[in-house]
Amino acid sequence: MAATTTENEYVTLESSDGFQFIIHREAAMLSGTVRNMLSSAGQFTESTEGVIHFRDIKAVILEKVCKYWYYKARHLNSVTEIPHFEIEPEYVLETLMAADFLDT
Amino acid sequence: MASLQGRRHVRGKIRPPQRKSNIETLFDNTWSTLASAITTIHEQKAYTLSYEEVYRCGYNLVINKCGERLYHGVKDLIEKYLESEAEMKIVPVLGIADTSPSEGVQVLKAIQKLWKHHVTCLLMIKDILIHMDKNYVPQSRLPRTYDMGLYLFRDTVVRSPKYPIKSYLQKILLNQITMERKGDMIDRGAVKSCTEMLLELKENQGIESVYITDFETQFVETSREFYRLESEELVRRFDPPEYMRKVEDRLNEEQFRCSHYLTEKTEPKIREIVEQEMIAKHLKTIMEMENWGLKQLLINNRLEDLERMYRLFSRVTNGPNELQVSVSGYIKESGKAINTNVYPSSSENAEKGTPLGVALALRWVQEVLDLKERFDVILNSAFAKDKSFDTAINSAFESFINLNPKAPEFMSLFIDNKLKKDFKGKSDDEVDNILNKTTTLFRFLSDKDVFERYYKQHLSNRLLLGKSLSDEAERGMIAKLKIECGYQFTSKLEGMFQDMRLSTDTMTSFKGFLENAVDPPPIELNVTVLTSTFWPVPSVPVACNLPAEFLAATKVFERFFTTRHNGRKLTWHATMGSVDLRATFEARRHELNVSTMAAVVLLLFNNVPEGESLSYTAIEQETGLPTENLKRTLQSVACGKFKILIKEPKSRDISDTDSFRFNSAFTEKLSRIKIQTIASKVETATELKETHEKVEDARNHMAEAAIVRVMKSRKSLDHNNLITEVISQLQGRFNPAPSMIKKRIEALIDREYLERAPGNRTMYNYLA
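Note that the protein sequences, when read in sequence, are chains A and B. Residue numbering for the first sequence follows our numbering, beginning at 1 and increasing consecutively. Residue numbering for the second sequence follows our numbering, beginning at 1 and increasing consecutively.
Don't read these hints as lab results, they were simulated from the structure. No residue lacks a Cβ here, since even glycine has one placed at the ideal position from N, Cα and C. Do not rely on the hints blindly, as some may be mistaken.
What the hints assert, rightly or not - Here are a few chain A residues that face chain B, going by a calculated C-beta distance under 10 Å: (1) 21; (2) 22; (3) 23; (4) 97; (5) 100.
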């Protein structure tokens with residue numbers, strides 16, 4: 001079980017309002033919290049099931065976060081100029097809090 | 001939560017959420033979730049937990065400023081858990097160690113099990129509390145969760161204030177190691193994991209681990225005690241080689257132990273203990289043991305054991321030193337044995353002038369050489385060519401060789417013998433090898449000038465009597481001496497070779513001269529012209545009345561020589577030449593090769609009627625030879641192997657009342673007979689005295705020359721400095737005594753080479 005999930009390419013993120021985001025495990029691991037969640041010696045439910053339920057993050061914000069991870073993954077080692085990552089002002093505070101929670 | 005509330009407010013206005021009232025309820029709720037999660041982790045059921053949930057709890061507590069309560073709550077929880085676990089799992093097994101020490105490993109295993117479990121749990125707890133570790137812990141300067149957990153383990157389990165776990169742990173570990181030292185099998189894995197655990201546990205704020213404070217110090221102490229007892233017992237029970245093997249095993253064993261289940265850091269400490277207790281404290285005992293002590297090892301050439309001894313002794317500070325002292329002590333002892341072995345018999349025999357003296361000289365040198373060779377081997381293969389050992393061995397040789405006053409003569413005789421006889425049929429390499437070894441002995445001599453004198457004497461005999469086997473070997477030897485002592489030392493020896501070469505040329509032209517001569521000499525004459533300063537010839541030739549034919553021949557040569565070299569004075573030395581005679585006996589004719597002196601004596605009998613004899617006094621008068629030479633000559637023709645003359649009465653020694661007649665009944669298979677004068681033997685007492693006087697004389701000259709040299713360059717110098725300078729100049733040749741130099745200085749003052757500086761008695765001035 002452990003082997004298959006670690007090898008599993010994707011991971012499912014579920015928001016507080018029930019939306020599921022299936023994204024690359026690699027991208028999700030850019031979050032320190034998610035990384036701990038999936039790789040801790042504890043074998044917590046998240047790592048065995050491959051599904052992470054964020055009870056405090058709404059889909060709008062989680063989507064934003066996912067986009068950010070992909071944005072970061074793409075430009076991580078880029079040498080050219082990095083484009084601006086847009087966040088709508090009404091989501092700024094919540095995104096900020098989610099980012100702190102996720103250690104991203 | 002915060003975000004949900006925030007969104008209800010008017011756009012663009014951001015307000016901090018106000019939830020002060022419900023912090024208490026929030027803490028109670030979230031903390032109970034967290035606490036049960038930690039308990040679940042301790043129960044090894046972490047897979048039932050949602051990380052997100054637990055993490056969120058920790059996160060929320062921290063951002064709501066409950067970090068301190070969270071931290072201490074976790075700490076208390078873990079501490080309680082450890083306490084109860086120790087009580088339930090470890091304390092019950094402690095009793096086992098009391099009843100049976102070998103079962104103590106059960107305790108180790110129990111501690112180990114708890115430790116492993118604790119570390120695993122700690123890793124998970126650390127993971128879920130990562131937010132606290134990153135945000136709350138650094139600002140309040142507390143140890144991180146993981147470290148905090150380790151400290152807890154240290155303080156509640158290992159150093160439990162309630163239970164004597166610590167003392168049991170120490171006792172069991174030490175017990176296990178002692179058991180293994182005594183040859184029992186132990187569970188190394190258990191010991192290893194415990195020491196690893198102790199290493200992992202650190203003191204507060206420190207890098208020093210609990211291993212050092214709680215274990216190593218005790219371990220070092222018990223080891224010291226163990227090895228103190230063990231070494232005492234082993235020394236009593238085993239002979240040194242066996243003991244040293246055991247020590248080496250112990251050293252390896254301890255090293256192995258440290259690298260396998262203790263830590264490398266302990267290794268130097270424990271090694272030092274073994275070295276101190278087993279080697280340093282028993283140095284003397286090991287070396288001086290009756291049975292297979294150092295002496296026996298040296299005598300029996302036990303290279304392997306000697307090497308081990310060297311290796312072990314080198315580990316402790318004064319080991320090599322002690323070993324050197326003992327080794328050189330042994331060398332001196334065996335050197336003295338060689339000396340005394342040779343001495344009493346040699347002085348006895350030398351008086352009689354028997355060749356036994358030579359044999360003894362040869363034996364002495366050979367024994368010294370053998371000893372040296374043995375120690376060369378020992379040095380190379382057992383003492384790792386250690387420079388300080390080399391020096392110690394050499395100085396030991398030097399001291400005992402110079403204890404034998406005849407050493408220079410013996411060495412020269414040895415070389416003489418080798419060059420005359422032993423090198424026959426030997427390859428160049430062998431010859432070179434022997435000469436090299438002799439040169440190393442020569443290096444030890446302090447009276448090199450005495451050696452030079454003997455060597456010159458022996459070399460001149462070899463050259464004049466044509467006894468040298470190989471010119472090359474002779475030159476090789478001289479070259480070696482030159483390397484050792486410089487040009488000055490060998491210049492005269494080389495001059496002797498030069499003279500021999502020139503004489504061959506002279507004789508060729510002399511033969512040509514004779515072909516045209518008006519009055520060719522009645523006998524064939526072969527002359528070797530010697531430069532008197534090079535050769536050890538007496539300044540006044542030994543008196544000898546040559547027969548008329550001989551005289552005539554010498555006159556012819558003198559005439560020839562003065563025409564070629566104007567202003568040179570020729571002196572004839574009958575003592576150094578040889579003559580071929582043809583003698584008719586009843587049985588047959590023989591050709592006799594005898595010394596010139598013997599020829600002079602034998603020719604006298606040409607004028608004596610058959611059967612008649614000549615008295616000793618008559619011969620003495622006719623020949624004019626000094627008593628010493630005449631007696632030796634007569635001895636060689638009348639008492640030697642070939643009896644050309646018959647002596648009345650028969651005996652081995654010549655006395656003034658003896659009479660001699662021609663032995664016409666002489667028979668011998670060979671037609672050509674060589675009659676040797678008794679030569680190149682150990683000197684008689686008078687000769688010895690003479691040689692010493694000559695050497696003393698030469699030394700005085702050298703000392704004076706050195707003084708003048710020094711003073712000439714310095715112009716004025718004080719007494720002590722002058723003595724030091726002179727000694728350093730002369731040391732290559734002999735060891736001058738300061739008193740002797742002082743005498744020479746006074747002699748030079750008398751002869752007005754030097755003066756005492758006016759007003760300062762210790763200063764000397766050079767007078768040009």
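Going through the hints against the structure:
A distance limit of 10 Å between C-beta atoms decides the matter here; for residue 21 (chain A) the minimum to chain B is near 14 Å, and the interface restraint is violated. Interface hint status for residue 22 (chain A): violated, as the beta-carbon distance to the closest one in chain B is roughly 17 Å, over 10 Å. A cut of 10 Å between beta carbons decides the hint on residue 23 (chain A): the least distance to chain B is about 16 Å, and the hint is violated. Restraint check, residue 97 (chain A) versus chain B: the minimum CB separation of about 5 Å is within 10 Å; hint holds.
At a threshold of 10 Å, the smallest CB-CB gap from residue 100 (chain A) to chain B is about 8 Å, leaving the interface hint in force.
The structure shown violates the earlier hints numbered 1, 2 and 3.
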